[in-house]
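Colleague: Each chain is listed here by its residues.
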Amino acid sequence: MKFDFSFALEILPALLRGAIVTAEATFGGMALALVGGLVLALGRRSKIPGVSRLSASYVLFMRNTPLLVQIYFLFYVLPFAGIMFGALTTGILALGLNYSAYIAEVYRAGIDGVPQGQWEAARALDFSPGQTWGRVILPQALPPMLPVLGNYLIGMFKDSPLLATITVPEMFAAAEHIAGETYRYNEPYTLVGLIFLCLSYPASLAVRQLEKRFGKV
Amino acid sequence: MASAVVALLLSFAIGLMRLSPLRLVRFVAGFYVEVIRGTSALVQLFYLFFILPVVGIRIDPFSTAVLGIGVNISAYGAEIVRAAIRDIDRGQWEAATALDMPRLLALRRIILPQALLAMLPSFGNLMVDLLKLTSLVSLITLTDLTFAGTALITTTGRPGQVWGLVLVLYFLMATPIGWAARRLETALAARQRGRS
Chain A
663 MKFDFSFALE ILPALLRGAI VTAEATFGGM ALALVGGLVL ALGRRSKIPG VSRLSASYVL
723 FMRNTPLLVQ IYFLFYVLPF AGIMFGALTT GILALGLNYS AYIAEVYRAG IDGVPQGQWE
783 AARALDFSPG QTWGRVILPQ ALPPMLPVLG NYLIGMFKDS PLLATITVPE MFAAAEHIAG
843 ETYRYNEPYT LVGLIFLCLS YPASLAVRQL EKRFGKV
Chain B
-13 MASAVVALLL SFAIGLMRLS PLRLVRFVAG FYVEVIRGTS ALVQLFYLFF ILPVVGIRID
47 PFSTAVLGIG VNISAYGAEI VRAAIRDIDR GQWEAATALD MPRLLALRRI ILPQALLAML
107 PSFGNLMVDL LKLTSLVSLI TLTDLTFAGT ALITTTGRPG QVWGLVLVLY FLMATPIGWA
167 ARRLETALAA RQRGRS
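Taken in order, these protein sequences are the chains called A and B. Here the working numbering is used: position 196 in the first sequence is 858, and no number is missing along the way. Here the working numbering is used: position 42 in the second sequence is 28, and no number is missing along the way.
Simulated from the structure, these hints should not be mistaken for laboratory data. Any given hint might turn out to be false.
Taking CB as the label site, the calculated pair distances span [what the hints assert, rightly or not]:
| no. | chain 1 | residue 1 | chain 2 | residue 2 | range |
| --- | --- | --- | --- | --- | --- |
| 1 | B | Leu91 | A | Arg679 | 32 to 42 Å |
| 2 | A | Leu867 | B | Ala(-1) | 20 to 30 Å |
| 3 | B | Arg177 | A | Arg870 | 26 to 36 Å |
| 4 | B | Ile45 | A | Gly779 | 53 to 63 Å |
| 5 | A | Trp795 | B | Thr129 | 43 to 53 Å |
| 6 | B | Ile45 | A | Pro864 | 26 to 36 Å |
| 7 | A | Gly712 | B | Leu158 | 17 to 27 Å |
| 8 | A | Leu867 | B | Gly143 | 40 to 50 Å |
| 9 | B | Leu90 | A | Val697 | 48 to 58 Å |
| 10 | B | Met87 | A | Leu804 | 40 to 50 Å |
| 11 | B | Arg177 | A | Ser714 | 30 to 40 Å |
| 12 | B | Leu91 | A | Gly842 | 46 to 56 Å |
All residues carry an ideal CB built from backbone N, CA and C; glycine is no exception.
Can you make the complete structure from the sequences, with help from the hints?
Modeller: Pasting the structure below:
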């Protein structure tokens, strides 16, 4: 089997254009997941009956069903509910909703990781809830979360090719398109694999550095 | 299921290779894990599906899927195996050496029985991931649950109900696995506490 370098160079711009969409989807999804995870984590701690349960069920359901089917579900069901989104928006929404379930658990573990004595000390010093969270709990809970969140960002990046199935023109879709047109599968798919590797390997090294600095949750 | 077997076998092979005293073997295994974990599962699957026939290896889509998913999961499994073996107390290795046990025998009789227990819960979670990953094989023409969903929609024209049902079915399959893994974890923890 031959690997044609000139052909590879020729298709590289198209793939990189797709990579921009991939990046949009990944960062958009992550932003949504960070907020969604916060809502879920707060819901989990809530004392209002039912809210904590609801949030736990959401997390369980999202974690135990495949992302691909969730994407299909949103893509086909939202229009029925009268919500018309573009494919990319739907994709970002699906990624965000899926990963908020995982990120909620990260927040929860981070907050639970702060020793009980810290809460009691804040109380003994008569801190307001705002001061307790802002000055005592969050500064200790956030740093250990960073490497875990980094790992989920990489995970989402690797899940983003699934969006190609709902016609989002990201990097993998671009490769499929080229392969379909030219019947040359080797170069596009190899390049996509390499681009993934070139981006996610340094990212995972960076995450490891963060881990060394802040310790694991 | 077949993917699970492939994944388990490969996990142990690669995980043990990463702990090998030989640098080259360690490097090869490390490279494998980084490449697989660094790329997307869907890309790997397509790669196998389209590239294997080109290099003259003809296997049917089902075997491709089993291989693809098995290889992907095994990279994560290898890390579980590695971590579990590394976490065994050094004294256990030293004791085996003191008893003049060859390394492989010590690994089999002393280290693995302890490490296996530690691995079980993580492997339970990994099996849930594997189940979810199988939904991707519908994209390389295999008739799995997700593919059946696609087919049903073309005949019934009701995507909402069909995808909702498919989600519920996956959930019903995955939840017992996760639940069993957690049960196992608490049971093992209790046993460990009883022993020490």
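Colleague: Going through the earlier hints one by one, which of them does the structure break, listed in rising order?
Modeller: Failing hint: just 1.
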